[in-house]
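K.L.:
If you read the protein sequences in the order shown, they are chains A and B.
Counting in the numbering used here, the first sequence runs from 1 upward without gaps.
Counting in the numbering used here, the second sequence runs from 1001 upward without gaps.
Simulated from the structure, these hints should not be mistaken for lab results.
It cannot be assumed that every hint is accurate.
As the list claims (entries may be wrong) - Using C-beta positions, here's what the derived DEER-type ranges look like: (1) D1184(B) - D191(A): 33 to 43 Å; (2) V1193(B) - D191(A): 37 to 47 Å; (3) E43(A) - A1039(B): 53 to 63 Å; (4) D1177(B) - D184(A): 51 to 61 Å; (5) T1103(B) - G60(A): 16 to 26 Å.
Claimed, not checked - To list a few chain B residues with every Cβ distance to chain A over 12 Å, as calculated: (6) R1078; (7) K1172; (8) D1177.
Remember, it's a predicted structure, so these values are computed and weren't measured experimentally.
Yeah, the Cβ is synthetic: ideal placement off N, Cα and C, and Gly gets one too.
Each chain is listed here by its residues.
Number of protein chains: 2
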Amino acid sequence: MRESIQTDSTTKYTQLTKGRDGDRSRLALRGGFGTAIGAMQPEDFMREAIRLASAGVQGGRGGPFGCVVVRRGEVVGRGANCVTSTNDPTAHAEVVAIREACTRLGTFQLSDCELYASCEPCPMCLAAIYWARIPTVYYGNDRRDAAAHGFDDDFIYRQIPLAPGQRAIAMKPLLQDEARESLDLWTAKADKVRY
Amino acid sequence: MRESIQTDSTTKYTQLTKGRDGDRSRLALRGGFGTAIGAMQPEDFMREAIRLASAGVQGGRGGPFGCVVVRRGEVVGRGANCVTSTNDPTAHAEVVAIREACTRLGTFQLSDCELYASCEPCPMCLAAIYWARIPTVYYGNDRRDAAAHGFDDDFIYRQIPLAPGQRAIAMKPLLQDEARESLDLWTAKADKVRY
Chain A
1 MRESIQTDST
11 TKYTQLTKGR
21 DGDRSRLALR
31 GGFGTAIGAM
41 QPEDFMREAI
51 RLASAGVQGG
61 RGGPFGCVVV
71 RRGEVVGRGA
81 NCVTSTNDPT
91 AHAEVVAIRE
101 ACTRLGTFQL
111 SDCELYASCE
121 PCPMCLAAIY
131 WARIPTVYYG
141 NDRRDAAAHG
151 FDDDFIYRQI
161 PLAPGQRAIA
171 MKPLLQDEAR
181 ESLDLWTAKA
191 DKVRY
Chain B
1001 MRESIQTDST
1011 TKYTQLTKGR
1021 DGDRSRLALR
1031 GGFGTAIGAM
1041 QPEDFMREAI
1051 RLASAGVQGG
1061 RGGPFGCVVV
1071 RRGEVVGRGA
1081 NCVTSTNDPT
1091 AHAEVVAIRE
1101 ACTRLGTFQL
1111 SDCELYASCE
1121 PCPMCLAAIY
1131 WARIPTVYYG
1141 NDRRDAAAHG
1151 FDDDFIYRQI
1161 PLAPGQRAIA
1171 MKPLLQDEAR
1181 ESLDLWTAKA
1191 DKVRY
C-alpha cells in the first residue's frame, strides 16, 4: 500500500507513482480487457480522446471533452463529458475515464497509467489525476482554446490558490474542535487503508 | 439555463449562483425527500457531516471525511469518503454528496444549496463545488488539521497553480490542431446545453 501524498517534493511524488516495471511508455499489442490495436502511439490515443469528445457533442451527452486512460499500451478507461445528460457536475471526461479504469483494474491508484485528454484538464480533473497517482498526462487543446469556446476553467484555476475567505464562494469554518474527532479516529485506526 | 463560468468576476459568479428565492439560509421544517428535523441550524448539518466522517472510518469505507448538501433546510445529499472501499479515487465525501444531491434534484447545478464538509475541501472537491455552482461552504477541520493526520491536500493545492511543465506530473501537449475540431463542433452546435 502506498502512502498518502504527504510532501511537496517532486521526487517523493515520482516515487509514489513509479510503475511496476518502470516503463510506462512501452506500447505493444496486448490481450485481455481494454483495446490494443497493433503498436499504438501516443497520437493514436490522443485521437481516440478527440473522437470521444466530438462524439459526445454530436450525441448531446455534454461538453466537447474526451479522455482515455492507457496502461502499457492498452486503453483501460474511456470517458466523455456527460455533465448535462447525467445530471452530474463531476462527470468530466477525465473523471469518467479514471473511474472506469479503476473499476476495470480493481484499484484506486493508476500509477502505471497515462492519461490522454482532448483538452487541458480543469482543476477538478487535475486534482483527480493527482489522487489517482497518474504520472503522465497528454492534452490536446489548452485552457486558452477552451476559453475561446466558452469554457473558462481559468476562473476556477485562479480561485483555487486564494485563501478561503477571499473566494467567490463563501467559505465559513464551523465546529473545528468537534470535527477533529473524525481525524483522531482515523489516526487511531489500526487497520486503515491509506490512499 | 445558466451560462458557463466565463469570467473571473465575483459579481458574475454570485449572479450565476443566485437561488430562486434569494434566501439560502432559511432553515425550516420541510416534507418531501431529504431530512428535516425541526428548524435545523448550520451546526446541526455540520454535526451530520462529522457523524458521516466518523462512521466512514469506523465502517472501513475510506478516509475520515463526511459531507452533506442542504437545500432550504433539507439534507438533499450525503457522502462519506469511500475511495478505498469502492476503488474510486474521486469518491471523496463532497463529490459523493454532490452527485447524490444532483441525482435527487434532477439537476447539474446546486445554486440554491449549501455544502457542509467535515474538513476543508481538497482542490478536486473545491473545483467540483464551483462546477456545481454551490455558493456557500461550511467546513470543520482545515487543511492543517488534515495534514497533521496524514492528509496533505496542500501538496495538490501547491501543484494546481503551477504551469503544466513545472508540475510533479509530466504534462505534454499533443495534437492541439486536431483537438480543436471538438471545440469547433461545440461552438457550431445549435441545441447545446451549457453548464
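K.L.:
Next step is simple, just say for each hint if it's right about the structure.
P.N.:
Here is how each hint holds up against the structure:
1. D1184(B) - D191(A): 33 to 43 Å: 52 Å, violated
2. V1193(B) - D191(A): 37 to 47 Å: The hint (37 to 47 Å, Cβ to Cβ) holds, given that V1193(B) and D191(A) are roughly 45 Å apart.
3. E43(A) - A1039(B): 53 to 63 Å: 60 Å, holds
4. D1177(B) - D184(A): 51 to 61 Å: For D1177(B) and D184(A) the Cβ distance comes to about 53 Å; the hint holds.
5. T1103(B) - G60(A): 16 to 26 Å: 19 Å, holds
6. R1078: Since the minimum Cβ distance to chain A is about 15 Å, R1078(B) lies beyond 12 Å and the statement holds.
7. K1172: 5 Å, violated
8. D1177: 9 Å, violated
Of the numbered hints given earlier, the model fails hints 1, 7, 8; all others are met.
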